[in-house]
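Participant: Starting from the known structure of chain P, fit chain Z onto it as the hints suggest.
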Amino acid sequence: MDAFAKPRASELPVQEIDVFTDTRDILDHANRAARKRKLDDWLVCDIDAHHVETVSWHELVEYIEDPVIRHQAMLYQQEKLGGAPYGLNGDMGLKYQDVGGRISHQAGLREKVDDTSVHRDVTLTRRAMQSLGVDYMVLFPTPMLTLGLHPQPEMEVWLGRAYNRWLIDRVLTQDDRIKTLAYLPFNVPSEAERTIEEFSGKPGVIGFCVPSTRHKPVHHNDYMRAYAMLEERGLPIAFHAAYHWQDPSLSTINRFLGMHALGFVWCNMVHMTNWILNGIPERFPRLKSIWVESGLAWVPFLMQRLDDQYLMRPSEAPHLKRMPSDYMREHCWYTTQPMETTNMKALQLTLEMINAETQLLYASDWPHFDFDLPQEIFDLPFLTEQAKRNILGLNAARIFNLDPTPRKTL
Amino acid sequence: MTEYLVGPESDIAEGGRKVVACGETEIGIFRVKGELLAWHNSCPHRQGPICQGRIYPRVVEPLDERGEVRTLAYDETTQHLVCPWHGYEFNLQTGRGQGGRGSLRRARLKLEEGQIYVLL
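These protein sequence lines are chains P and Z, in that order.
Residues in the first sequence are numbered consecutively from 1, following our numbering.
Residues in the second sequence are numbered consecutively from 1001, following our numbering.
Chain P extracted, bound-state conformation (with noise of 0.2 Å):
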């Protein structure tokens, strides 16, 4: 038979994936798991995703309301050579995320985009929703994540109101489907509060976020005061986990593996244990607190620890009425990614003991290197089409208040 008579197998345009890879291209196999599932059909909303805001640096400090600092700032963006992002702190240099390489998408997406009618982190929110098969995409910064231990607990409040004001005006006001939980600059108790006057009810804000990674008791007297004014507007406090390695008890650690399985939990496994044994589901019971990039497998532990502590010493948390893991179960909400998957005996145990159906709300994570598919939880074989349906969206329709109707295309 003549060679040239066969089908002809057709050279795919992106033979190797790398920085400059379009993320319709890098993610072309999730848009046709996502369409191969019907997704189309299922409301499909992702509670965490990023962007990196340093990119727009230039742009942000343009935004810090301080006169004084706001020209320093822009100056500095301007001007100098060799240094971090102006004013930002943490571990700057240690972001080993992509695996020396390995996972292009962790270390920058710098694809062509030629849309020059809305912000670049428009186009590329887009373009992962839409390969993903997401209604709603709530963003989040990511070097930022570390403010909260800046030693200039002023800087939180400049940095974190800027980048709120920032990310409304020039994203989230280009497209309804981008939400946030607004950065809570939390070191300064006053300026949260502020911060949840001013911004709530603003385009795209749906609640508000603490960067874990700090060293404030979440059950300080000075945070009541926020609490309360979220529980009484309805809107979401979360916890989003980050990893660093100034943290002593965390510090012989050599592999970024290891720094990132234990420092995204430890973080909220601290301020998590503080929130139940204080009583603040007790104290505010309709406050509903999310606990973000975590990951599951922690929460059981945490749970059986807490109890089994807790019954041996009840007089040490006298605001609790019931288990400690009744109100982690019932008051808290979690998001899946990254979700432990290689055990699925525990992970089906995990999710009945946090009520997952309606507790667990689904994060990809896009774009960093363990990200999530909603395809995830499609697959799981023993959860009911309903409670998969909660998980994927309908959970977080219900505590954001978002329309649950579809609004995607695939």
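Quick caveat, the hints were computed from the structure, so don't treat them as lab data.
One or more of the hints may lead you astray.
Claimed, not checked - DSSO-like, lysine-lysine: derived pairs with alpha carbons at most 30 Å apart:
id, chain 1, residue 1, chain 2, residue 2
1, P, K112, P, K36
2, P, K36, P, K408
3, P, K321, P, K38
4, Z, K1033, Z, K1110
5, Z, K1110, P, K6
6, Z, K1033, P, K6
Here the structure is a predicted model, which is why all the values come from computation and not from measurement.
Facilitator: For chain Z alone, kept in the frame of chain P given last:
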């Protein structure tokens, strides 16, 4: 079985690849140590585009006679194909995953008169 014509063997040099669509099925063809190998472009982890990932030599950490370590090193005799989605690594020659979870799915090739065919 359908035979899909990919093109001349000479198109894929040592260390090179060609990732193609044969109808709805994507296949990556690689040349390793002179041999042509083909894998389905679907990572067993999350069905990511494994064949469009980077290739790295396997990383090792040599121990000295005291059981101590000093540097990491590349084992240049073992090439790994790395999934660009989540970093899962597979031996490019055997398809076996590092860590023992899953293997790549091999695709059959036919070489005839200097042309490569994928057999599906």
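Participant: Compare the structure with each hint and give your call.
Facilitator: Outcome of the hint check:
1. P/K112 - P/K36: Answer holds: P/K112 to P/K36 is near 28 Å, not above 30 Å.
2. P/K36 - P/K408: holds, 15 Å
3. P/K321 - P/K38: Given that 30 Å is the threshold and the Cα spacing comes to 44 Å, the pair is violated.
4. Z/K1033 - Z/K1110: Cα-Cα ~18 Å, so holds.
5. Z/K1110 - P/K6: Between Z/K1110 and P/K6 the Cα gap is close to 13 Å, so the pair holds against 30 Å.
6. Z/K1033 - P/K6: The hint holds at about 29 Å.
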